[in-house]
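All chains, full assembly: derive it from the sequences and hints.
First to last, the protein sequences are chains A and B.
At position 276 of the first sequence the residue is numbered 363 (our numbering), and the sequence of numbers has no breaks.
At position 413 of the second sequence the residue is numbered 398 (our numbering), and the sequence of numbers has no breaks.
Quick caveat, the hints were computed from the structure, so don't treat them as lab data.
Where a beta carbon is used, it is the ideal one built from N, C-alpha and C, also for glycine.
Take the hints with a grain of salt, since some may be wrong.
Covered stretches of chain B (in silico footprint by chain A; criterion: 3 or more residues with CB under 8 angstroms from a CB of chain A, positions within the stretch not fixed) [unchecked claim]: (1) 75 to 88; (2) 101 to 113; (3) 154 to 164.
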Amino acid sequence: MRKKRWVPWVLVGPALLIIVLTTIYPLLAALYFSFHKYKLRSPPQFAIQIGDGGISIDWSLLTLDNYALAFNDSRFINSLQVTFWFTVISVALSVIIGLGIAVIVQKGGKLHTLTKVLLIFPFAVSPALKGYSWRFMLNENYGIYDLLIDSLVVKPINFLLSIVNALPFAEIPLVSESIVWLGDKFWALFMLAMSETWGWAPLIALMFVGALGSIDEQIFEAARIDGANRLQIFFRVTLPLLRPVILIVTMLKTIFSLKMFDQVVTMTGGGPVRATQTINYYIHQVGFVRGLDIGYASAQSYILVVILTVCAVLYVSLVLNRD
Amino acid sequence: MTVVRKLMLLLALAIFLSLPFGAAFAQDVMDPATFGLDASKPYDGTHLKFLICCSTAAQFASAAAKGDEEFTAMTGISVSWGDLPFGSFQEQLYLEATNPNTEFDIVAFVDAWGTNIYDFLHPLNDFVEEAGIDWNDYGPAYQGAATGNSDTIYGLPFRGHPLLLHYRADVLEAVGMEPPATWQDVSAISQAIVDSGMDITPIAMQYGLNVDQNLFNWYSHLWGAGTDIFDENWEPSFNNEAGLAATEQYMSYLRDGYSAEASVAWNEQEANTELVQGRAAMFVGWWWMASRMSTSDIAEVAENAAFAPAPGWEGGDIASYGYLWPVGILKQSDSLDAALEYLKWLTHPITERRIVLDEEFVNNVAVRLSILADPEVNEFHNGLLEIASAVLANARTIPLIPEYTEIIPVLAEAINELATDPMADTQAVLDLAAEDVRFVMQAAGYYD
Chain A
88 MRKKRWVPWV LVGPALLIIV LTTIYPLLAA LYFSFHKYKL RSPPQFAIQI
138 GDGGISIDWS LLTLDNYALA FNDSRFINSL QVTFWFTVIS VALSVIIGLG
188 IAVIVQKGGK LHTLTKVLLI FPFAVSPALK GYSWRFMLNE NYGIYDLLID
238 SLVVKPINFL LSIVNALPFA EIPLVSESIV WLGDKFWALF MLAMSETWGW
288 APLIALMFVG ALGSIDEQIF EAARIDGANR LQIFFRVTLP LLRPVILIVT
338 MLKTIFSLKM FDQVVTMTGG GPVRATQTIN YYIHQVGFVR GLDIGYASAQ
388 SYILVVILTV CAVLYVSLVL NRD
Chain B
-14 MTVVRKLMLL LALAIFLSLP FGAAFAQDVM DPATFGLDAS KPYDGTHLKF
36 LICCSTAAQF ASAAAKGDEE FTAMTGISVS WGDLPFGSFQ EQLYLEATNP
86 NTEFDIVAFV DAWGTNIYDF LHPLNDFVEE AGIDWNDYGP AYQGAATGNS
136 DTIYGLPFRG HPLLLHYRAD VLEAVGMEPP ATWQDVSAIS QAIVDSGMDI
186 TPIAMQYGLN VDQNLFNWYS HLWGAGTDIF DENWEPSFNN EAGLAATEQY
236 MSYLRDGYSA EASVAWNEQE ANTELVQGRA AMFVGWWWMA SRMSTSDIAE
286 VAENAAFAPA PGWEGGDIAS YGYLWPVGIL KQSDSLDAAL EYLKWLTHPI
336 TERRIVLDEE FVNNVAVRLS ILADPEVNEF HNGLLEIASA VLANARTIPL
386 IPEYTEIIPV LAEAINELAT DPMADTQAVL DLAAEDVRFV MQAAGYYD
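Given below as structure tokens:
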């Protein structure tokens, strides 16, 4: 029987249509807008005009000004830097803590199974709510995290320092018990990254648990017979075997970190000063809150796309070369 | 006749006599003529969509409930209120107002945001005249905010806030001080509270960056010291000598230890919570927050809740920000006439008065001068509206130009930087902000 070539197209057609409408069209439209002076508060004047006489193009309306402006905009450059550091901190913390959790809960047993089930909950919390919760929990008067950090970290450290300071000539300043977490540029960015880690590390742990379970036990047995201790087994056997999963997890988390937006709005408002203004947050401010400058916001978005593409290509080629 | 019988007869008589009056009152608010509405219901069946945030706020909840029950019965027009969180309200407002196919007819907007959507709002001048709306029943600050300080009325004042001093009467009494009339008095009282050794922070300020709320009291300082954001040529003037003095005074509450160190990250709700939970003695904020203090769970706070006009400047002006939410109609609306009918009812003094006297949704927010001066309303709210009226007499608007929404974050960040960096040079930070502001204005063509 002759194969009907149109059948596959009919089957994937609806999905393709949805992708074109929701992804391809906005992408192309944003690219088009990025070459125009287009603010929401006034009627746009686009280069391509469709009139009674057909389609005409007014080249004078196309401009590179939005791209030029971005490279002279200290706020945009700041947002690139903030996003970079946020990504580094949140990816590193999420992967390391996730791996640590996975190693602890990978063993069998009812308690471990229950723990694995519970691990998914932080990831299920909406990012905006996460931001509000963390802001509340970091409040120095009634925040549980502030209390925990003071009780479990700051006070013990100060206790030890006071013992050291009892020695002659020792004058080490005590750690402040009143750090305003969201009022300090470093701590605000760090806590923003922690709020992200809080949701992601458990999910990453579950991915690592799956990967750890797939490693043949005989490999560990062989390492033990060869005299390797636990640390050696972890660093020289487990980690290398987990490398593909670590790579996937790191890439996934990097993509999500670069998109950070919700918690910035609800937790820090981009502050203190501009310390937590990520790219997405800044683009949103430019496009929909402050100048309503869709042209400029689109140009910024495309600069981000270019940077991401370059990073991704470099990253992937580096990994492939090593392999 | 027994005493019980006599009492029952009296009661029956009282009920009988009160019936006509009760019926008359009920008829008033259910009579279209009371509000100048068209009794023939020409828009029967029309459904209006109202873009607004926070519809659970007492004032809005009361208006929405009364609209469903009364306005719809009188006109046949139904109105559905949006309920956006405040955080996403501005963005949604812009997107809907600029959308040619928006489903919304009516919008409420914060004064500063309105500047970006003036071109999309139906001018209301003719409506105000034809409907006999007493425009002079709104104070100058609210008139300015509703018109963008122009001749065109873009919205009718709907929700407005003066800044009040919220304070603990017992604390001020303990240090033998009267409520501060000036910001310099605030410093003196704060020092007295510190000296007294009382376990309470003198004042809760909001220097955080969230939603730019760290500018509200800064404006009062600037205007009081005799300067403004711009001079008459639209050049930044907040960094001149008076601006520097104002900003130094504004930051002094933090730097002198009168406001908690954590206030560098607080928004107005968090600062107010310090007062409501008994950790601070003073707070200067919008009057809608007054009920939070007077209904505090901490008896000591609730019993000593007191309010006064926001402080002015020693030897200078008394001026503060009169913050307004006008309500307007989008040009895209297909139901302009029905929407105008709704505005007539929503902003009518009778409706406003009933909302502010509503015992189910307790709320003190009114915008008309006649309501602010109403003895019964003032009795219901312990004189709060008279205090507000005094503040509004000197209230001002912020610059109502579209570019100001781009300038606000520049200023808010400068204030936040001064708060979070104790080593920051105030003049240098203000100068840098002025450069950024100038850049925005230059790009908009103000200096051509």
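When I compare C-beta atoms, does the stretch 101 to 113 of chain B have three or more residues closer than 8 angstroms to chain A? holds (count 3)
Taking a Cβ-Cβ distance under 8 angstroms as contact, does the stretch 154 to 164 of chain B have three or more residues in contact with chain A? violated (count 0)
Does the stretch 75 to 88 of chain B contain three or more residues whose Cβ lies closer than 8 angstroms to a Cβ of chain A? It holds: at least three residues are needed, and the stretch 75 to 88 of chain B offers 5 whose Cβ sits within less than 8 angstroms of chain A.
In summary, the structure is inconsistent with hint 3 from the numbered list given earlier, while agreeing with all the others.
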